[in-house]
Structures are given as structure tokens and as C-alpha cells.
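In order, the protein sequences belong to chains A and B. Quick note: the first sequence uses the numbering used here, first residue 1, plus one each step. Quick note: the second sequence uses the numbering used here, first residue 1001, plus one each step.
Warning: the hint list may mix true and false statements.
Restraint ranges, calculated between C-beta atoms of paired labels, are given here [unchecked claim]: (1) A:R173 with B:R1492: 34 to 42 Å; (2) A:D185 with B:H1122: 22 to 30 Å; (3) A:E169 with B:S1042: 22 to 30 Å; (4) B:V1075 with A:P73: 38 to 46 Å; (5) B:G1179 with A:P167: 54 to 62 Å.
Derived contacts from chain A toward chain B, CB cut-off under 7 Å, selection only [to be verified]: (6) R62; (7) R133; (8) A179; (9) L181; (10) A183; (11) L184; (12) P186; (13) V187; (14) Q190; (15) L191.
Calculated Cβ distances over 12 Å to all of chain B for the following chain A residues [as the list claims (entries may be wrong)]: (16) T89; (17) D100; (18) R123; (19) R129; (20) D168; (21) A174; (22) R176; (23) D185.
Calculated directly from the structure, the hints in this document are not laboratory data. Please read all numbers here as calculations on a predicted model, not as lab measurements. Yeah, the Cβ is synthetic: ideal placement off N, Cα and C, and Gly gets one too.
Spelled out, the chains give:
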Amino acid sequence: MTELDFRVGEVIETSTSRFVAHCYDLHGAPALGSLVRTGAPDRAVFGLVAGVSTTGIDPGRRPVARGRQETDPAEIFKKNPQLTRLFRTEFEAIIVGHADGGTIRQALPPTPPRVHDFVYLCRPDEAVRFTERLDFLALVLEQPAPAPADELIAAAVRQAAGHRPHPDEFLVRAGRELARLLALDPVRLQLLLRRLKHAD
Amino acid sequence: MRTDGRGSWPGGRRRLGRVIGGSVSGGLEIRLDADVPVEEMSIGRFVTVEGDRRRFLCLVTDVKLRSVSDRVATVPPDYEDPFIARVMGGITTYGVLQVLPTLTLPENPDDPPEPVKTVPGHFSPAYDATPEDLKAAYGDEGKTDNFRVGSPLEMPDIPLCINIRRLVERSNGVFGKSGTGKSFLTRLLLLGIIRSGLASVLVFDMHNEYGWKAEDKERGIEVKGLRQLYGSSVVVFTLDEESSRRRGVTYDSVVEIGYNELEIDDLLLLAEPLNLSSRAPDLMAVLEREYGRDWLAWFLSLEDPQEREQLAKNLGFGMNVVNALYQSLSRLKQLSFLKPRADTRAVDLMLSYLKTGRSVVLEFGRTNDLLAYMLVANVLTRRIHRHYVEAKERFLGGVGEDPKPLVVVIEEAHKFLSPAVAHHTIFGTIAREMRKYNVTLLVVDQRPSGIDDEVMSQLGTRIVCSLDNEKDLESVLTGVVGRSELRNLLARLDTRQQALVLGHAVPIPTPVRVRDYDEHLYRSLKPRASAPEGGTIDLEKDLFGEW
Chain A
1 MTELDFRVGE
11 VIETSTSRFV
21 AHCYDLHGAP
31 ALGSLVRTGA
41 PDRAVFGLVA
51 GVSTTGIDPG
61 RRPVARGRQE
71 TDPAEIFKKN
81 PQLTRLFRTE
91 FEAIIVGHAD
101 GGTIRQALPP
111 TPPRVHDFVY
121 LCRPDEAVRF
131 TERLDFLALV
141 LEQPAPAPAD
151 ELIAAAVRQA
161 AGHRPHPDEF
171 LVRAGRELAR
181 LLALDPVRLQ
191 LLLRRLKHAD
Chain B
1001 MRTDGRGSWP
1011 GGRRRLGRVI
1021 GGSVSGGLEI
1031 RLDADVPVEE
1041 MSIGRFVTVE
1051 GDRRRFLCLV
1061 TDVKLRSVSD
1071 RVATVPPDYE
1081 DPFIARVMGG
1091 ITTYGVLQVL
1101 PTLTLPENPD
1111 DPPEPVKTVP
1121 GHFSPAYDAT
1131 PEDLKAAYGD
1141 EGKTDNFRVG
1151 SPLEMPDIPL
1161 CINIRRLVER
1171 SNGVFGKSGT
1181 GKSFLTRLLL
1191 LGIIRSGLAS
1201 VLVFDMHNEY
1211 GWKAEDKERG
1221 IEVKGLRQLY
1231 GSSVVVFTLD
1241 EESSRRRGVT
1251 YDSVVEIGYN
1261 ELEIDDLLLL
1271 AEPLNLSSRA
1281 PDLMAVLERE
1291 YGRDWLAWFL
1301 SLEDPQEREQ
1311 LAKNLGFGMN
1321 VVNALYQSLS
1331 RLKQLSFLKP
1341 RADTRAVDLM
1351 LSYLKTGRSV
1361 VLEFGRTNDL
1371 LAYMLVANVL
1381 TRRIHRHYVE
1391 AKERFLGGVG
1401 EDPKPLVVVI
1411 EEAHKFLSPA
1421 VAHHTIFGTI
1431 AREMRKYNVT
1441 LLVVDQRPSG
1451 IDDEVMSQLG
1461 TRIVCSLDNE
1471 KDLESVLTGV
1481 VGRSELRNLL
1491 ARLDTRQQAL
1501 VLGHAVPIPT
1511 PVRVRDYDEH
1521 LYRSLKPRAS
1531 APEGGTIDLE
1541 KDLFGEW
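Chain A on its own, in the form it takes in the complex (with noise of 0.2 Å):
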């Protein structure tokens, strides 16, 4: 597999904390809480899927509903090719980390990504290497979410766990990290730990 192929869209909103694509298929975005990277290798930034949507393009049309007649939902885009034009999936990534020179920092990046950026989704190998530390926690539970920031990580640390050979052993070592930073708060810790639990 090339790195064309880990590629699904392009930046077209950007800030210092979170950054929209537009994915160049309909449906195309990663799942939530992939970690997906833009930008320059030696400027990379890398975010989480945060929060996906899909939308008509033109928003003074409304959709309307086709498929009375059909028995597959596909064969409503089959009928009508030109549907595939007038929507759009973007997806919106929360800021967890930036590289710097040959380090990997789990900060806010200097500059935010450039709008067109390409935006890659991370290979395993390389969604590994990222979560070995577990900084990018706390900048996740920090910020305001599209969708709950507990189900965000809960979908992170499944598929960081689901890379790796022992995902037990990861699951227990950021649940702890999880328990440090939700100390004071123990019911909300038990949900959280519950979701990540339920990844097997």
C-alpha cells in the first residue's frame, strides 16, 4: 500500500485546536477517533476523528427521499450517479499532537494546519508509535467535543489498543492514566473505563 492510499481528504478549515476535511469520497471519512496526520512530514500535525458529517453541497436544496421502489439503498446512487456529486463528507480532527524536527510532541502545534493540507489516515505502526505516551489524553478530555469526549477517547484507546499485540496491557495502562485524570470524579471515570472495557 502506498501513502495514496492511507489519503482521504484535504483540509478546509483550520485553527490551533481542531481542523475540518473534506474526503474525497462520499462516506469516506475515517472511523471516530482514528488518528489521522497533515501537513509536511518535518511540520506534521496530528488529530484525532472527532466528529463526522455528511451534508448536501447546496444548502438552499433539501435532499429527498428516492428509494420507495428500491430493495438496496446502493442502488438508489447506482439509478442516480449525479448524487455523488451533490454531497459531501467532512470530518472534523481535535489537535493531539505535532512533530517536531524528528520528536513527536502531544501539544498544540505552533502553527495550525495549512487549509489543502492533505490529510492522511495513520498506518498502524504509526498510530502505535503516537500513543506510547498518553499525554494527548487530558488535551482531548479538555476540549470541546462534536461528540462526547468520552466517547472519543473511548474509541481512541480501542483501536491505539487494537493495533497491539497485547491490548490488555495497553488498555490497563491508559486506563490508569485515565484514573489519574479523573481522580475526582469516579462515576464519571467508571463509564468511561466500562467503554474501554467493551473493546473486547
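Take the given structure of chain A and dock chain B to it, following the hints.
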């Protein structure tokens, strides 16, 4: 010096946690790391805290459970779920060790450890103490004066030594309620003392368990006594020849005591068991003045009441006073070892052995009632002590040798050293004068609160097995730093094979799991000092030939 890495120390010792608070007087608090199970920690364990400049040897005195906020307790997490338990354990809820910093360990292992005058900084890491740490504090088992009495609690592989030279410098006590292994512990100490060659011992063996053999009821086996282990460096005397012979004991001499050897003070010590009247001391003093050293034998021969009436008239005492004294003293006739006149003065024979550096065990056989025990122990010790005083004074005057220190072992010590009689008995004197005349005591007792405070305060080293009486606990810890923590520890000792050692012979109060009294011990008892004077004893052969 501080290192945070785990397992990066020699031997890969485990990091337990970090200091989160404390003081010199109140001890330190160590928060346990998440992966250290709280139940593995127990009071009596040793931990080392690595400060920036010093290492502190600490004793665990309490183990506590904490949580980061009260909400955790109000809304308890779902600990049924192993994942949640594993993640939250040690973080939202965690264990804390309360430790007493006891010594500062030197950088250089040859330097002595120092008392603690400060505390390690916040978040200094704490580790399991290593054998090297304990060696630095308690001394090396391989060194001459040290004797291994056991191991720290929960750390069975680490030897814990006491310093015999310091032990015999003062009087000492072994305390504990009955059935806690006082005799085993005492015998162990005596083995250590004899092996060191630093002192002789004289044991008044009320229950015949030191000399030749003893029974280990727990294991249902017989264990070897001092004579079996040290051959002819230990001499066994008996008060009851028949009993000794029946028990298959190799004894060296039978003790008989003449009435003429009893002094009035010896009898006054027995005022209670003999039920002596208040006029008895006066009457005895008069009798001794009128009839000389043999007054007692003569007085006890007055079986005819008329003779006694005549005596009362002659001396100007009431008939009832004379009769009461006669009745009281007649109890002495039942003591088979008392003779009107003894052929050999047992005390001279004992002294001759002690002079050659041997140790003496006096078995009481079936004569193990308290009256006989107190009488014999007092009579013999009084004379032996007198001899040591003379020898020491001669030595100080430039004549003769310094007598070899002697440790006198007495059981049921509160009977001799209670506030009421401590001032009359020779034992009170010995305890108070410390080692001035090279004689010290090893008192074995189950009621330390019955012992005179002044005597108690003079005991250099106290070895305390399990006690549960409040007064007794209070009494053994008089004058010790960290009393409340130690008391807590003491109250939780097992009733078998565990003891707290306090005082002169150990650098810090130390809970000990007493070593097993077995073949392994026997084998470790190679003598440290040269054979006693006299030249006729082949110690090596005696020690190992009988096995």
C-alpha cells in the same frame, strides 16, 4: 542517589512507592505504587527510603487504605469487574505504609549507621530492604560478636543479628505470656553467649529445659540443651539426682545445701511462701546471735513443744512467736536438698567451674516449687556474686585477673524483683549495679509489670514475645522511642516464634521471627572463642563427638 527506575538496583529490588509526607517524630507515609499489592505489606517489614543524600532504613508500623476523594467511597467503583479493579486500584484508591525511620545507612558499608535526625524529601522512592541494608544496620552474621537470632518478619531469608558483646554488658530480660516460646528464645540467646566466649552463664533451670534436652511440644520432638551442644564447657548440676537419672540426663554434680549456708536474708525473701510472722526477723536474729551459724539446724530439731517453750522463756519471746516460726521453717524440712550440714559446698564447686570459664545449669528436677527455686537461686547467687565482687576488687587493686563476665538466668523473675522484695534480694542488687562486678542477669518472665520499675529501667536489652496484658505491654516499653507504634506491633506479634527486641544489643527496636531450633542451628554453633582454661577439655571433640 535517587533513582526512579524500577529494578535498576543491584538484585533488582522492588520499588514499593514514594514518600508523601511525615515527620521525624511521627514517622513517614509512603504511598504504594499501583502494582504493589497492599496485602503483601505487613507491619514489621523493613523498607529503605532513598533520599537525595541519605538512605533511611524504616520499619513498617501500619498499613492504611486511602482514596483520592470521599466520593470514591460514597459511589464505590464496580470492583467485581477485574478490569476496573485493576485500573482503579492503586490510583483512585491506594495503600499507604506508615513507617518509622530508624537509622540512616552509611554510604560506606564499613561505617556505622546513624540515628535518624531528618526525613527524606517528598516523593523519595521506597524499596524493599535488602540483606545488605540489614547487614549494615545489624552487623554481619560472620563477625565475632554477632549472633543470628532470626529474620525480620516476612523476610525469612535475611539474617538478623544481635550483638552479644553489647548484650552481656547489661542485664537483660526475656518476656512473654506463657506458651510463646520464652524458653526457646532464652536457650538460643544462651547458645549465642556461650559460643561467643564473652561470658559464662549460670542457669537456674526450674523446669529442666536448658541443661540436657527439652521437649518441643509443638513439633513433638526433643531438642538439645546446652550440655549436649557444648559438651564439657557446660556443667549440669542437679538438685534432684533421681529425677535427673530417670530423665537420662548427664549431670556432673548433685547440689546439697546446708542449713548453715542459709542466711536470714535468704529466709526473709521467702516471707510470703513461708508465711513468716512480723516478729520472725527479730527472733531469727536473736537465734543466730545466741546459737551461731548452725542455729537453724538446731532450731528445727526442737520437735518437742516443751523444748520450744523453754527456748521462748530463755529468749524472752512469746510461745506463739516461737511456734509460728517453727511451723513456718519446718516447711524447709520437706526440701530434700537441704541438709543439716552439706558435705561439699555446692557453691564452691560451681565457682570452681565458673572460674575456668565454663557455664553451669542447675536443674531442679521435681523440686520445682517456687519456694525451693527462690531459696536456692538466692542463696547460690548471693555467694557467687560476693565472690565476683571480691575478685573484681582484687583485680582493680592490681591483683589477679578480671573475672569472666557471668550471666545469671532466673525464671519467674517478678517473684524476685517485685517492688516489695527487689531491694532485699541479690538480684535487685545485681540489676541495679549493672556490670560493675561483671555479673548481669537474664530475667525470664511472663509478668513484666510485676517487676520493680527501677530494675526494669536498668535492663539493657528486652526481648519481648507476645503479651496481651495492658500493664505488661506498658511496662516493657517504658522509656522507648516510638512507643505507640511499637506497642501496636507488639500486640500483633504471633504467639509463636516472634518477638520484639529492644535496647542495647540492637541498633533499633526490631521485630524478629525467631530462628528455628534445629539441626541447622546446631551445626552453626562452632565455637568462636578458645576453650576454657584448664586445658583438659577437647572442645572440638566434646562438641561434635557426641553427635
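For this session: Could you tell me which of the hints above the structure violates, numbers in ascending order?
Result: 6, 7, 9, 15, 20, 21, 22, 23
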